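Engineer: Given the coordinates of chain A, work out where chain B should sit on it, guided by the hints.
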Amino acid sequence: MPTRAADPPTRARAAGPKAAARTDPGRRPPWWRTRTAKGIGYATPTAAFVAVLFVLPLLLVGRMSASDWPLLTGYQSLNLPDNYTELADGDLLWPAVRFTLLYTAVTTVLLIGIALLLALLVQEARPGVGFLRTAYFLPSVLGLASASLLFWGFYSPSAGPIAALPQRLGLTDEPVSFLGTPTAALLSTVGLVVWKFAGFYMLILLVGLQSIGHDVYEAARIDGASRRQTFRHITLPLLRPSLALTLVLSVTGSLLAFDQFFVLTKGGPDNSTVTVVQLIYREAFQRLDLGTAAALSVLVLLALLILNAAQFRGLRRSDES
Amino acid sequence: MRRAASPPGPVRRMALAALAAAVLTTLAAGCGKGMGAAGGDGGAGGGSGSTRGVDDGTTLTMWTRAATQAQSQALVKAYNAGHRNKVELTVIPTDDYQAKVGTAAGSKDLPDLFAADVVFAPDYAAAGLFADLSGRIDALPYADDLAPSHIKAGTYDGKRYVVPHTLDLSVLFYNRTLYEKAGLDPGEPPATLAEWDRHARAVDALGGGVDGTFFGGNCGGCGVFTWWPSIWAAGEQVMNDEGTSSALDSPTARSVYDVYRGWAEDGIAAAGAKEETGATWTGRFPKGNIGVMPMPSTTLGLMPDDLDFGVAPIPGPDGGTSTFVGGDAIGIAATSDKADQAWDFLKWSLGDEAQVDVVAAHGDVVARTDLADNRHAAADPRQVTVNQLVAKGRTPYARKFGQTFNDPNGPWLKLMRDAVYGDAGRIRADNEAISRSLAD
Numbered sequence: 001m002p003t004r005a006a007d008p009p010t011r012a013r014a015a016g017p018k019a020a021a022r023t024d025p026g027r028r029p030p031w032w033r034t035r036t037a038k039g040i041g042y043a044t045p046t047a048a049f050v051a052v053l054f055v056l057p058l059l060l061v062g063r064m065s066a067s068d069w070p071l072l073t074g075y076q077s078l079n080l081p082d083n084y085t086e087l088a089d090g091d092l093l094w095p096a097v098r099f100t101l102l103y104t105a106v107t108t109v110l111l112i113g114i115a116l117l118l119a120l121l122v123q124e125a126r127p128g129v130g131f132l133r134t135a136y137f138l139p140s141v142l143g144l145a146s147a148s149l150l151f152w153g154f155y156s157p158s159a160g161p162i163a164a165l166p167q168r169l170g171l172t173d174e175p176v177s178f179l180g181t182p183t184a185a186l187l188s189t190v191g192l193v194v195w196k197f198a199g200f201y202m203l204i205l206l207v208g209l210q211s212i213g214h215d216v217y218e219a220a221r222i223d224g225a226s227r228r229q230t231f232r233h234i235t236l237p238l239l240r241p242s243l244a245l246t247l248v249l250s251v252t253g254s255l256l257a258f259d260q261f262f263v264l265t266k267g268g269p270d271n272s273t274v275t276v277v278q279l280i281y282r283e284a285f286q287r288l289d290l291g292t293a294a295a296l297s298v299l300v301l302l303a304l305l306i307l308n309a310a311q312f313r314g315l316r317r318s319d320e321s
Numbered sequence: 001m002r003r004a005a006s007p008p009g010p011v012r013r014m015a016l017a018a019l020a021a022a023v024l025t026t027l028a029a030g031c032g033k034g035m036g037a038a039g040g041d042g043g044a045g046g047g048s049g050s051t052r053g054v055d056d057g058t059t060l061t062m063w064t065r066a067a068t069q070a071q072s073q074a075l076v077k078a079y080n081a082g083h084r085n086k087v088e089l090t091v092i093p094t095d096d097y098q099a100k101v102g103t104a105a106g107s108k109d110l111p112d113l114f115a116a117d118v119v120f121a122p123d124y125a126a127a128g129l130f131a132d133l134s135g136r137i138d139a140l141p142y143a144d145d146l147a148p149s150h151i152k153a154g155t156y157d158g159k160r161y162v163v164p165h166t167l168d169l170s171v172l173f174y175n176r177t178l179y180e181k182a183g184l185d186p187g188e189p190p191a192t193l194a195e196w197d198r199h200a201r202a203v204d205a206l207g208g209g210v211d212g213t214f215f216g217g218n219c220g221g222c223g224v225f226t227w228w229p230s231i232w233a234a235g236e237q238v239m240n241d242e243g244t245s246s247a248l249d250s251p252t253a254r255s256v257y258d259v260y261r262g263w264a265e266d267g268i269a270a271a272g273a274k275e276e277t278g279a280t281w282t283g284r285f286p287k288g289n290i291g292v293m294p295m296p297s298t299t300l301g302l303m304p305d306d307l308d309f310g311v312a313p314i315p316g317p318d319g320g321t322s323t324f325v326g327g328d329a330i331g332i333a334a335t336s337d338k339a340d341q342a343w344d345f346l347k348w349s350l351g352d353e354a355q356v357d358v359v360a361a362h363g364d365v366v367a368r369t370d371l372a373d374n375r376h377a378a379a380d381p382r383q384v385t386v387n388q389l390v391a392k393g394r395t396p397y398a399r400k401f402g403q404t405f406n407d408p409n410g411p412w413l414k415l416m417r418d419a420v421y422g423d424a425g426r427i428r429a430d431n432e433a434i435s436r437s438l439a440d
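Order-wise, the sequence lines are chains A and B.
Letter 122 of the first sequence, counting from 1, is numbered 122 in the UniProt record's numbering, and no numbers are missing.
Letter 39 of the second sequence, counting from 1, is numbered 39 in the UniProt record's numbering, and no numbers are missing.
To be clear, the hints were calculated from the coordinates, so they are not data collected in a lab.
A few of these clues could be false.
Stated by the list, open to error - List time: in silico SDA-like cross-link candidates among lysine to any residue, alpha-carbon distance up to 25 Å:
#1 B:Lys414 to A:Ser177
#2 B:Lys414 to A:Leu92
#3 B:Lys100 to A:Phe262
#4 B:Lys414 to A:Ala88
#5 B:Lys414 to A:Leu186
#6 B:Lys414 to A:Thr181
#7 B:Lys414 to A:Gly62
#8 B:Lys100 to A:Leu149
#9 B:Lys108 to A:Leu249
#10 B:Lys414 to A:Val97
#11 B:Lys108 to A:Arg126
#12 B:Lys100 to A:Val263
#13 B:Lys159 to A:Thr85
Since we're looking at a predicted model, the values are computed, not measured.
Isolated chain A (complex conformation):
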């Protein structure tokens, strides 16, 4: 982002003479007229916002994670490192970490793959494309919890319309069990997430696709590149920043997955779909222990920091290339 980096000094230079003309060069301006004071004035609301809504809660979580802090009775005493060791002893943590990683991998690959397909499909302005773009994008305007509830209804063998359909048609003996086995539950949830987010990711990729100049494609065509070669050597490399963005969004979002599993599976069947964030919820609101919930949050935060740092490094490298 070289242009953005160069931006502020240019603006400052431009403002310079005007500012000098307004103030008397012989007298020092009062402190509230100085650039520093103005800067502080502009930054204060945001700083206060960040302090109250981000820094303070972060500090509180840190303190909670080091304390015996039942939800119902509040702070009791410091107990570092009991909350952390208790977490390590729990038998749900490692399966949850493994499942979250598996879910992230499956979701990210499917989501970006399908989003890319959709974007390529509606890339050219042709009759009917506007309708398709809208149709693909529409699920994104739903809240995730509402969408999950909708799918829960669809999947439900008791209340849903589609579980019993194959049985009615004589294809199976039993209603289809969308959430009954670990694999089915995972795939059903991934199905919901792909339906819900593919349109949004398509939009990001579509913007990326449209920013690739026609002259580049034309040059490739003149050089005799096949469609596949064009896609492989022109489209994909030039789409890398957009792909990287979808990758970061999908990985971060999937690692923090909660709503869809909370509504659809509640971590079942047999604890096979418990995600890390669900464990945090469970510590806080089933076991009513804010201390261990905070400790787990701190660990998740650290893991995300490391991961995002790595991803941004990759993103920067792809920008440079």
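Structural biologist: Chain B alone, transformed into the frame defined by chain A:
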């Protein structure tokens, strides 16, 4: 216990008021009992108003969970219609109730009145969320007739913190039409678990979309509510009295699990039982194609008119009967500064008028054992059956109940699933995990 170490003004004032109430009511109870009906209307003009309740046009906030909202709404509506106080009821999704109460307790935002699934009452009472009602309860002329297992669940350190609000008992519902079709006697519900098994299989054999039974196979709360009575019916415990150690791997318990396992393996239970998380488990029987299954008594008033069904107590493996006395207990938040007005609602809700004309009229179980034979119940033999069970049934007591038995990722659901769908050899280890969670 930062809060307990330096109680804020209202709490201390209320503690004093409660103490005063206790002293007063000992006197009042003495008088009241001697004077019979004259003292029956509550505190005999005691100045504090504590035992009597205050109706001065105050607006009271109240929470309840969705599972029992119909009952709470009916009571609140009737109270608001006849009093200057107004109760504003907020219904919270059942699964979120623990979280909501916990968060509100932490930030001292609890409403004046809140009902809780009676199994959570021990933990809430011990954590100090409720105001002590001992003195006020003692002053009620029918104090001894309040559903005993609810009162016990809300008793901590000898102090009583809750009164029964809605009673929800687990009872066997059986479809008389299907019984007849299957060649069973529609007047003879199963008296043992073995008979229940035989009936379910006979109905299931009818085929054509009809199933023998149904249960929430992925729902810890359903298991607690409908499986445990069969264990109790045999005179056995599921936990020790303190609720700190589990006995859910006893031979009796195993024999109960085995029957359910048979239903799962042989397809006697309707499809979907294995996935049923509790959200739709009561929706099956009213459709008329399930033979016999345990259900909450609160669904009695919600059955379609054209469904010919009977109810019966839940039997044990070789006979005996029991029930899970569930539902909601209600208390006044320790942080409320409208305790006297809140008590006015609670006192009214337990009175004859509310219990008979609202609760019983709606087809629900009354909170007082002395009203079991009321005129509404007499009109429906099914309701008498249920009312009589209140005295026989149990409410399990454990402080760590939620995280052990209701948590969908907790140890009890794992035992249920292993016992019915998975490796039954793990029951012993699962039971130990339950004990660990209880003693947590």
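Engineer: None of the hints should be skipped; say for each whether it holds.
Structural biologist: Each hint tested on the structure:
no.: 1; hint: B:Lys414 to A:Ser177; verdict: holds (20 Å)
no.: 2; hint: B:Lys414 to A:Leu92; verdict: holds (12 Å)
no.: 3; hint: B:Lys100 to A:Phe262; verdict: holds (16 Å)
no.: 4; hint: B:Lys414 to A:Ala88; verdict: holds (20 Å)
no.: 5; hint: B:Lys414 to A:Leu186; verdict: holds (19 Å)
no.: 6; hint: B:Lys414 to A:Thr181; verdict: holds (15 Å)
no.: 7; hint: B:Lys414 to A:Gly62; verdict: violated (32 Å)
no.: 8; hint: B:Lys100 to A:Leu149; verdict: holds (20 Å)
no.: 9; hint: B:Lys108 to A:Leu249; verdict: violated (37 Å)
no.: 10; hint: B:Lys414 to A:Val97; verdict: holds (19 Å)
no.: 11; hint: B:Lys108 to A:Arg126; verdict: violated (60 Å)
no.: 12; hint: B:Lys100 to A:Val263; verdict: holds (17 Å)
no.: 13; hint: B:Lys159 to A:Thr85; verdict: violated (36 Å)
Violated hints, in rising order: 7, 9, 11 and 13; the structure is consistent with all others.
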